[in-house]
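Enquirer: Residues per chain, in single letters:
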Amino acid sequence: MVQKKTKPSIVEKQNEVVGGLKKLGTDIYNQLDKGIFPTINMPSRSTENINYDPNVRQYVLGEKVVSRNARNIRHVKPFTQLAWAAMFSNELTTQRKTSTLRDVYYSAQAYEMTFTDQQESNNIITDLETITGFSREDFHIFPEERSAIFGDLTIGYTVPGYEGKTLNLTSHPDGVLVGPALTSSEFVNTKADKVIAIEKGALFTRFIEENVHNKHNALLISCGGQAPRQTRSFIRRLNEELNLPVYIFTDGDPWGMHIAMVIISGSANAAHLRNLNTPDAVWSGVWASDIIDYKLPTDPLDEVDVKRLYELQKDPRYQNDPLWQREIKTFLKIRRKAEQEAFSRYGLTYIVDEYLPAKLEGKK
Amino acid sequence: MATATFEEISASDFFYRNRDIAGFSNPSRAIFVAIREIVENSLDAAESHRMPPDVYVRLSFESEATKDTQIYKLRVEDNGSGIQPRFIPSAFGQVLYGSKYKLKQTRGTFGLGGKMALLYGQITTHQAAFVTSSTGNSSKIYSFKLMIDIQRNRPIILDRKVLINKDGWRGTIVEFTLEGDYLRAMPKILEYFKQTAMVNPYANLTFVDPKGRLYKFTRATTDMPEPPRETLPHPYGVDVELLQRLIMITQCTNMLMFLRSHFHRVGEITAQKFLEFSGLSPSKNPKKLSHEEIVKLMQNMKRYKDFLPPDASCLSPLGEDLLRAGITKELNPEYLVVHQRKPSTYAGHPFIVEMGIAYGGGVPKTGSFVIYRFANRIPLLYDEASDVSYRVISSMNWRRYKVSPDMPIAIVVHICSTKIPYKTVGKEFLADRAEVRREVANELREVARQLGHFLTRQEHVDREKKRIGIFSKYLPRIAQFSAKLAGKQRIPDIEKLLKSVQKYGAEED
Numbered sequence: 000m001v002q003k004k005t006k007p008s009i010v011e012k013q014n015e016v017v018g019g020l021k022k023l024g025t026d027i028y029n030q031l032d033k034g035i036f037p038t039i040n041m042p043s044r045s046t047e048n049i050n051y052d053p054n055v056r057q058y059v060l061g062e063k064v065v066s067r068n069a070r071n072i073r074h075v076k077p078f079t080q081l082a083w084a085a086m087f088s089n090e091l092t093t094q095r096k097t098s099t100l101r102d103v104y105y106s107a108q109a110y111e112m113t114f115t116d117q118q119e120s121n122n123i124i125t126d127l128e129t130i131t132g133f134s135r136e137d138f139h140i141f142p143e144e145r146s147a148i149f150g151d152l153t154i155g156y157t158v159p160g161y162e163g164k165t166l167n168l169t170s171h172p173d174g175v176l177v178g179p180a181l182t183s184s185e186f187v188n189t190k191a192d193k194v195i196a197i198e199k200g201a202l203f204t205r206f207i208e209e210n211v212h213n214k215h216n217a218l219l220i221s222c223g224g225q226a227p228r229q230t231r232s233f234i235r236r237l238n239e240e241l242n243l244p245v246y247i248f249t250d251g252d253p254w255g256m257h258i259a260m261v262i263i264s265g266s267a268n269a270a271h272l273r274n275l276n277t278p279d280a281v282w283s284g285v286w287a288s289d290i291i292d293y294k295l296p297t298d299p300l301d302e303v304d305v306k307r308l309y310e311l312q313k314d315p316r317y318q319n320d321p322l323w324q325r326e327i328k329t330f331l332k333i334r335r336k337a338e339q340e341a342f343s344r345y346g347l348t349y350i351v352d353e354y355l356p357a358k359l360e361g362k363k
Numbered sequence: 000m001a002t003a004t005f006e007e008i009s010a011s012d013f014f015y016r017n018r019d020i021a022g023f024s025n026p027s028r029a030i031f032v033a034i035r036e037i038v039e040n041s042l043d044a045a046e047s048h049r050m051p052p053d054v055y056v057r058l059s060f061e062s063e064a065t066k067d068t069q070i071y072k073l074r075v076e077d078n079g080s081g082i083q084p085r086f087i088p089s090a091f092g093q094v095l096y097g098s099k100y101k102l103k104q105t106r107g108t109f110g111l112g113g114k115m116a117l118l119y120g121q122i123t124t125h126q127a128a129f130v131t132s133s134t135g136n137s138s139k140i141y142s143f144k145l146m147i148d149i150q151r152n153r154p155i156i157l158d159r160k161v162l163i164n165k166d167g168w169r170g171t172i173v174e175f176t177l178e179g180d181y182l183r184a185m186p187k188i189l190e191y192f193k194q195t196a197m198v199n200p201y202a203n204l205t206f207v208d209p210k211g212r213l214y215k216f217t218r219a220t221t222d223m224p225e226p227p228r229e230t231l232p233h234p235y236g237v238d239v240e241l242l243q244r245l246i247m248i249t250q251c252t253n254m255l256m257f258l259r260s261h262f263h264r265v266g267e268i269t270a271q272k273f274l275e276f277s278g279l280s281p282s283k284n285p286k287k288l289s290h291e292e293i294v295k296l297m298q299n300m301k302r303y304k305d306f307l308p309p310d311a312s313c314l315s316p317l318g319e320d321l322l323r324a325g326i327t328k329e330l331n332p333e334y335l336v337v338h339q340r341k342p343s344t345y346a347g348h349p350f351i352v353e354m355g356i357a358y359g360g361g362v363p364k365t366g367s368f369v370i371y372r373f374a375n376r377i378p379l380l381y382d383e384a385s386d387v388s389y390r391v392i393s394s395m396n397w398r399r400y401k402v403s404p405d406m407p408i409a410i411v412v413h414i415c416s417t418k419i420p421y422k423t424v425g426k427e428f429l430a431d432r433a434e435v436r437r438e439v440a441n442e443l444r445e446v447a448r449q450l451g452h453f454l455t456r457q458e459h460v461d462r463e464k465k466r467i468g469i470f471s472k473y474l475p476r477i478a479q480f481s482a483k484l485a486g487k488q489r490i491p492d493i494e495k496l497l498k499s500v501q502k503y504g505a506e507e508d
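So the sequence lines, in the order shown, correspond to chains A and B. Heads up: the first sequence begins at 0 in numbering that gives the first Met the number 0, then just goes up one per residue. Heads up: the second sequence begins at 0 in numbering that gives the first Met the number 0, then just goes up one per residue.
Hints are computed from structural coordinates only; laboratory data are not their basis. Each statement offered as a hint is correct.
Derived lysine-lysine pairs resembling DSSO-like cross-links, with alpha carbons at most 27 Å apart:
| hint | chain 1 | residue 1 | chain 2 | residue 2 |
| --- | --- | --- | --- | --- |
| 1 | B | Lys-495 | A | Lys-33 |
| 2 | A | Lys-22 | B | Lys-495 |
| 3 | A | Lys-214 | A | Lys-358 |
| 4 | B | Lys-72 | B | Lys-210 |
| 5 | A | Lys-21 | B | Lys-487 |
| 6 | B | Lys-487 | A | Lys-12 |
| 7 | B | Lys-498 | A | Lys-76 |
| 8 | A | Lys-21 | B | Lys-495 |
Here the structure is a predicted model, which means the values were calculated and not measured.
Next comes chain B alone, as it looks inside the complex:
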């Protein structure tokens, strides 16, 4: 972050200068990312208090900006947990401030998506944002008019109102203006809502677009997945920075206690063995570790083979039932198989792969598989070909499963983890990590195998139907023609013959 003049810049400033990496690279992409970030915050907020989310999004036209862009007002309302008034300014006006620095599965990763959206709105329109929220516990609703002091990364409160919460409303409303190109972004935005509805079957999503068109995605269930639990960092996943922070805050006065209380799945015996392995005294005070010792500790943590793998209680996969409900609701396929893998880990981060494969019905026939990618319940809509799932899917030998790309097949991949291995801040595709690739490949084989069985059965049924169809078409005519030829009035009964053909057909299977 140093320039030739060694000028320090704030986090806001950094993202202001490098907004491309957060996805705000052009007017059409920016409007899509802004909607997505705010909606994800809303979904997280509702889920955090086990409430099936109701999210209302309205994008309205304000004025023309340039030849290709317009100014829009974006308003997102949710029924989430709400934010306590004292946190509202920082939560929306300070980049890298947030509730997402603990280790559990959440949609956002960097705690800056929503703020980036507001920041982007401010720098393109120079207008303040409005945030209204109530936690439902108090009888008041707080409404703030905010701007961000970009250079100092601080919120500026322009106005603050307190309203009486007569109806016990709980939730958050965010409203701000931004420049964008809705017409070009429209397909992606609609696709985003459709896919979000697919992977959040318990959410009601409503979107009113600038032309006044209403898109409504109604929940298919009120069942929600188990919420993720917070967890300690696993030794395999730590870096020097994290170690230093832990040492700074710890109350422990010796290494044995320190390891046991701050790391995931490290108990008395594991801690002892590890300290022996790394040549550290169990009674050493962690606060006395030198910088070199901390680096060495981190390296030893990565080298030590006998840590127990992280458990997945901190993860909140959708589960087979909800995945089925979501896919059925949005695609209504003729055949669907869903499956969830057992938890696995990469670099100390637990993750779970869930997959669904849908055939026929509402699944479009496009000449290649339709792939729906999700990470922590966020649809990934860009850079499909760079994603690890795409690579696994295209390198699979599909013929073995009687599947060909011209069939109407949709593949739904959901990966959840405390740390999704994104390749970019823009959260568009998953890096090709060996552990993840292996899990995705195994899961794909599992669902493909079941689809293969279905297709084989289907083929049998089709052949049988065709066979019986031929007999039921021709036998009555033979009866009719021969009766006429023989000069008989009564047409012979061929029902018995038709039945015998069916019975024979059943034996063939």
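The following block holds chain A by itself, in its conformation from the complex:
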């Protein structure tokens, strides 16, 4: 399969990010230079301003704008922290260095800009995301990595010291960590024709052992529970830039179902960001109806599971596709849940040989 690059390259994205940060700095600088107290406006992230937009199939922020003014005694400290965070992010991005949220918290102290706690520094980074529209990963601020990818995709590094080097993601049988170096790389080529995202690392390893990537010509991704933002963003790039359809396999319970939903429709917490979700991705299982059809060993739903199902039933993201409502009702009817490993009752390879082809077939 040939390379199909349709979207701006990662380097262009970097330039956009740096440009956005510089614009913010210039904006503040010019206001100060004119002798006025600088103001920054940004969309409000309060709950009443978070709406679901069926067109983009994700949560978005509404019209409400909050203003942060350095004239206000209560604003001047967060304003300064924001200016610092922008400057720090700019340094990270231009110097191609990476950092973590914890790192940000400590780095501030070098500038005598001590944050009261981690939460305060996290909030400032979220403010910066909201103002610029870029996610913190774009500023090179990453969380702990815990997801991995495996399959026939060749990437070209852009990180310092590796420029020009390429890697085929089948080169290591444990998969390759979805970290800054990977997410900042360009796609060179791939023979895969689909992406399979898997909730749990154990099943991801089983799929590799069972050669699923070859049998189904797929890129395999381990989400490690709720997929980190950079993994969600990477899945979107695979879908957008390489036009690969995405299939998601999770546990058969409300929590697994929602892991799939966040990959598809994003989270309310990231309503201020775009390009983290993959609206065309598909939840392939384990469905409640699979539990019945495959007679899977189950556990009873407990109280929180049931409560979660009722919440999800009302969630706007679950209104798009009748599949979701049907599965929620089925869970509530059978009052049982099953893990992905439950297929092992039919032997270790059953899930790969029987279940997976059937589900992929069913969705095609």
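Since chain A is already given, all that's left is putting chain B on it; use the hints.
Expert: Frame of chain A; chain B shown alone:
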């Protein structure tokens, strides 16, 4: 004073047997009281001729006495008026003899403090006392070696020397030995000197303790308060004994004259009206009054409503300036307010309350108010909780004045009167008399109100400082960060913005 055998005892004997009531209750207390009594006499002696006092006190170790007590030699030198040689033996060797039986404000009340100290020294060490004095007018200095004949209340002169006064020295030196416990008394003694310095800012006090340590309290001013004038007794304050004495000494031959010449603020008209009120003929000879008539006269004096209140010319308050100087000198507070009440009276005795309230600076933070109590310029160091000022201070609603006990606050209360309403001979605390309590409470409100204003203002200033502090901390950084982010070399000038914040702050007040 009668026992089963109806034996008469002398005044010395009485105090010898009951030395507790004069404060000599234990070895540590005794050494403190001895120092205090002699120093007070010295201060009085200097003030009586308008001389800023210089008092030098030396306490030196002589020998061990018991397990807990030692023998000390106490020497006190002053630059006071001095005592004429013929009065020296009685002044120091006879209890209840003294110059303090007229009605004016003095430190001592009973004329026995100094003598009690000598008496105590004699009974604990069996050694003679030395008194050296010169009035400065003569060219001689007289030095006496004395003991007290306790049973007969008479001085015994063991030796008498006359020296040539070449330098025109004036003053008195008292030196005697006594048993005591200095180590235990030390904190109170040092506190006594500190507080005495506070309320006598025009005095130089020097104390050398038995370990050879020097404590020096230097005067902050040479201004002294107006000396008190002697005054006649006010009719409200007399008792039968005083009436009888006055009748005995009077030259007057009729009641009208008698009342006019021996009582404070009684004139022709007042005397006439009062005699009418009590049914006595104005022409009656006071010396002819029967005992019953004298008792009735005393009772009528207390009942009669129209006597003019006593005036306060016989009082010598410190005054706001000196009180301020004294408190500033010893506490160096951040904020101080002093105030003096108008004179008031209780039972025919005029009195004046003065108060200072000091905040911050050198005022210690103890978790409760530090209270300095003074009566006729004597520090009161014991039984604080029994004192009327303490009760007034603790029952006050301080929250109304934005004051809380954890603030560093010292309250200085000075009451001066011709007769301080002490509860005991030991002169430690003031009785809770309605008139005194009311004056203290009103005065406390006055100074507390001013402190409250200060604290409110302070709060504003603090808030404002904090506000400006926040802007001056953050605005320069916004400028620095944004310049770097925008890629500019020049950092924008934020002085104007900082100024506007200050201006705005000023308007807020």
